[in-house]
Amino acid sequence: MTLEVLLFASYADAAGASRVQVVVPDGATVADVVAAVRAAAPAIPLPKRPLVAVNHRYATPELAVAVGDELALIPPVAGG
Amino acid sequence: MTLEVLLFASYADAAGASRVQVVVPDGATVADVVAAVRAAAPAIPLPKRPLVAVNHRYATPELAVAVGDELALIPPVAGG
Amino acid sequence: MRTTLVGRPIDVAALTREVGAEDNGAISLFVGTVRNVNEGRAVDGIEYNAYAPMAERELAQIAEEASARFGTRHIVIEHRTGYLALGEASVVIAVGHPRRAPSLDGARWIIEELKRRVPIWKLEHYVDGTREWVAQLPTGEATADA
Amino acid sequence: MRTTLVGRPIDVAALTREVGAEDNGAISLFVGTVRNVNEGRAVDGIEYNAYAPMAERELAQIAEEASARFGTRHIVIEHRTGYLALGEASVVIAVGHPRRAPSLDGARWIIEELKRRVPIWKLEHYVDGTREWVAQLPTGEATADA
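Residue numbers (the numbering used here), protein chains in the order written: chain E, 14 to 93; chain H, 14 to 93; chain P, 57 to 202; chain S, 57 to 202.
Check the hints yourself; a few may be wrong.
[Said to hold, decoys possible] Footprint (simulated), chain P over chain H, 3 or more residues, beta carbon under 8 Å:
(1) 19-25
(2) 65-78
(3) 85-93
[Claimed, not checked] Output of the computed footprint for chain E on chain S, the stretches with three or more beta carbons under 8 Å from beta carbons of chain E:
(4) 132-141
(5) 176-184
Bear in mind the hints are in silico, worked out from the structure with no lab data behind them. Predicted model, so just to flag it, every value in this text is computed and none were measured. From the three backbone atoms N, C-alpha and C, an ideal C-beta is built for every residue, glycine too.
Let's have the full structure, built from the sequences with the hints guiding it.
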C-alpha cells in the first residue's frame, strides 16, 4: 500500500517537502513505515526511534497502519 | 514611661478601641509591654506569646522599647 | 520591583506587562480571589484590613528576599484593602524570569510568605448577616520573621 | 475548560476572568514569553509552527488530565502560532481552584506536559539573520504519551 507521511520543522526542511510517500506491505507497522521513510528520504535526520503519530496520537512501533490513517513524523517538540 | 500600643482586627474589636495605653518602667521590654496590656485590657484575647511589632518590624520579647517607638499587637495574620 | 497596598481593583494585565522584559522567558502570576465559602459558611464578601505602613514594609521586604532567592528584579505585588465582593482579586503576584522554574517557584514562595507574615486581616461577611475575623494560623503560632 | 491554538495576541486578563468563579480562592497563571537570547545567541523573534490538529488534541488531553489530577474544570490554555516578536506571550495557562496549592501545581504540571508532548516547533530568527529550529529535547529522547 502507498502511504503519505507528514513532515514538520527540521524534518520538512531536510526533506524539502512537507510530506513523503512510501510503499509498504499490507499489515505494515509504524516501524516499517519509519524504515521506508529512511530509505525514501535519507536526508531527514531521523533519530534511532523517531516519534510517530497515527491519527493525531503518538504511536508505538508495533502499531499496524492502514490506508486512510494520517501518519506524521514528529521532530523533538519545542512548544511553550 | 507611658506608651501607646496599636490594636487591629479581633484585638481592636475586643478592646473596643484601636489603641491601648500602658505605663511601664524605663528600659521595659516587649514582654513587659505585653504584660501591661494584659493587665490594662484583659478582654483582648492574647495568646501566650503574641506577635508584637516595633516600628513596623516583628520584635522579640527581649527587645527594649522607648518613648517614640511605634508599638503594635499583631493578631494572627490572614492576608492573601 | 514594586509592592503596594491598593484600594481599587487590581489590573492583572498591567502587572503582567510590568514584569515583562525582553530577557524573560516566563511570567508566573498568582491571583488570590474571594471565595463564596469558607469552612462551610456561605460568604458574601470580605473586608481586608491592614496595618498599612508595616504591611507595605513587609511586602517590600518579601520582594527583596524573593529577588535574592530567585534571581530576578521583575517582581510586582499588589494587595487590596477594603471591601471585596465574591470573585474579586485580593492579591496579585507577578514574577518575570528568564526561566520558568524560578518564576513559578518565586510566585509560590511569595504567596506563602505573604500569608505568613504580612499584617493583613480578613473580616468575612457571611450570607446570614454575621461577620467574623478569619484566623489564618492557630492563635499564637504565627512566627513571622522575628 | 478550553484549549486552543491562536493566531493573535493572547489576552491574559480575559483568560484570568474566564477561569474565575465564586468558589475559587486562587488563580495561577503561567505565561511563556519570547526571550531575546537562547544559548548565547541574540534572538530577534520566533516563528511557532504546529501540527495543528494533533496539537489541539494534545492540549485538550492535557487539560483533561490536569482536571482529573488537580480537581478543577477551571482550566484554559492558549498557545500562539506564527511569528512572535520579543516579549510576546507564546502560551498562557490559567488554572482556577478553590485552594492555592493545587492551582499552582496545576499550572506547573500543564506547562511541563505541554513542553514534553505538544507537537509545536520554534524557528528562532537570530539578530545575525540566520534561523534555526530549536531542539527542546535531545533528538530521539522525546517520549510523549506513547
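Check: Among the hints numbered above, which are violated by the structure, and what are their numbers in rising order?
Finding: Hint 4 alone not satisfied by this model.
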